[in-house]
Amino acid sequence: MPYTLSHAVVALPVSVITRGKVPLAAMVVGSMSPDFPYLFALSPTEAPGHSELGVLIYCLLPSLLMLLVWYRWIEGPTLELFRLPQREWSFGKSSYLLVVFGVLVGAYSHVLWDATSHFDGSFVVNSEFWNREIFSLPMYKLNQYGGGILGLAALFVWYAFAVSQNRQEQYQGKLLEGVLMYSISIVFFVLLANIVHGSTVIIEYAVRSAIGVIVGGICGMCMYAFMVHLQVDKKYYNE
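Start counting the sequence shown at 70; every next residue gets the next number (the numbering used here).
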């Protein structure tokens with residue numbers, strides 16, 4: 070769905086309720102994991118992770134692998150670039166269980182949201198409530214579009230608040246390089262998604278472009294982190 074990122078909003082209240090004990094990154098990655106096939110295909114396609122069992126089979130392991138890469142290489146440079154506070158906890162035995170729990174919370178919240186916001190969702194199919202129309206739109210569509218927009222807005226507000234609370238004395242990111250890498254990557258994948266799949270109508274352009282933005286952002290994040298680590302390693306060896 071175009072609002073894949075909106076699913077990450079579930080991480081915010083859970084993080085507050087658990088006082089930050091459940092890793093935010095684990096919930097964010099988990100919340101998008103049922104849509105991973107869309108990201109790889111650059112277009113809506115079959116996504117078997119949209120079920121209770123599908124989460125365990127298709128979402129959990131890929132999410133954990135992505136989090137391994139995130140915590141090991143990408144987290145530091147990305148948080149610095151976006152002026153976000155660095156992680157204050159370190160890994161212990163309980164931390165690994167909390168990471169798994171966070172992934173499952175995110176993934177199952179995605180499945181539940183989709184069950185009430187898509188025409189073939191289990192709640193939509195089996196309940197008249199979600200098919201009632203308001204302003205000529207069924208409730209499930211209002212939930213999908215309205216919830217998606219509100220989710221993105223909530224994430225923006227959270228980001229602005231997190232940046233304002235960051236007590237980092239000096240900006241450590243490389244803003245120009247970051248903007249350039251992210252922009253090139255996003256434009257490339259937006260064009261690639263629409264050209265490869267031959268988009269012809271507005272809805273196809275909108276959906277595939279949204280997917281291209283997400284994939285491009287992720288690839289831009291990886292390229293930026295790689296550049297930062299390369300520069301750090303080069304500086305270390307020169308010394």
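For the record, the hints were derived by calculation from the structure and aren't laboratory data. Among these hints, one or two may not hold up.
Have a look at the derived ranges for each label pair, beta carbon to beta carbon [as the list claims (entries may be wrong)]: (1) Ile-264 with Gly-89: 21 to 31 angstroms; (2) Phe-225 with Gly-89: 15 to 25 angstroms; (3) Phe-295 with Thr-87: 26 to 36 angstroms; (4) Ala-231 with Val-138: 16 to 26 angstroms; (5) Ser-233 with Gly-161: 22 to 32 angstroms.
Since the structure is predicted, the reported quantities are computational estimates derived from the model, not experimental observations. Here a beta-carbon is modelled for each residue, glycine too, at the ideal position from N, C-alpha and C.
Hints versus structure:
1. A hinted range of 21 to 31 angstroms for the beta carbons of Ile-264 and Gly-89 is inconsistent with their spacing of about 43 angstroms.
2. Against the hinted window of 15 to 25 angstroms, the Cβ-Cβ separation of Phe-225 and Gly-89 comes to about 20 angstroms, which satisfies the hint.
3. In this structure the supplied range 26 to 36 angstroms holds for Phe-295 paired with Thr-87, their Cβ-Cβ distance being about 32 angstroms.
4. Take Ala-231 and Val-138: their Cβ atoms lie about 22 angstroms apart, and the range 16 to 26 angstroms holds.
5. Checked against the hint of 22 to 32 angstroms, the pair Ser-233 and Gly-161 passes, with Cβ atoms roughly 30 angstroms apart.
Violated hint: 1 only; the structure is consistent with all others.
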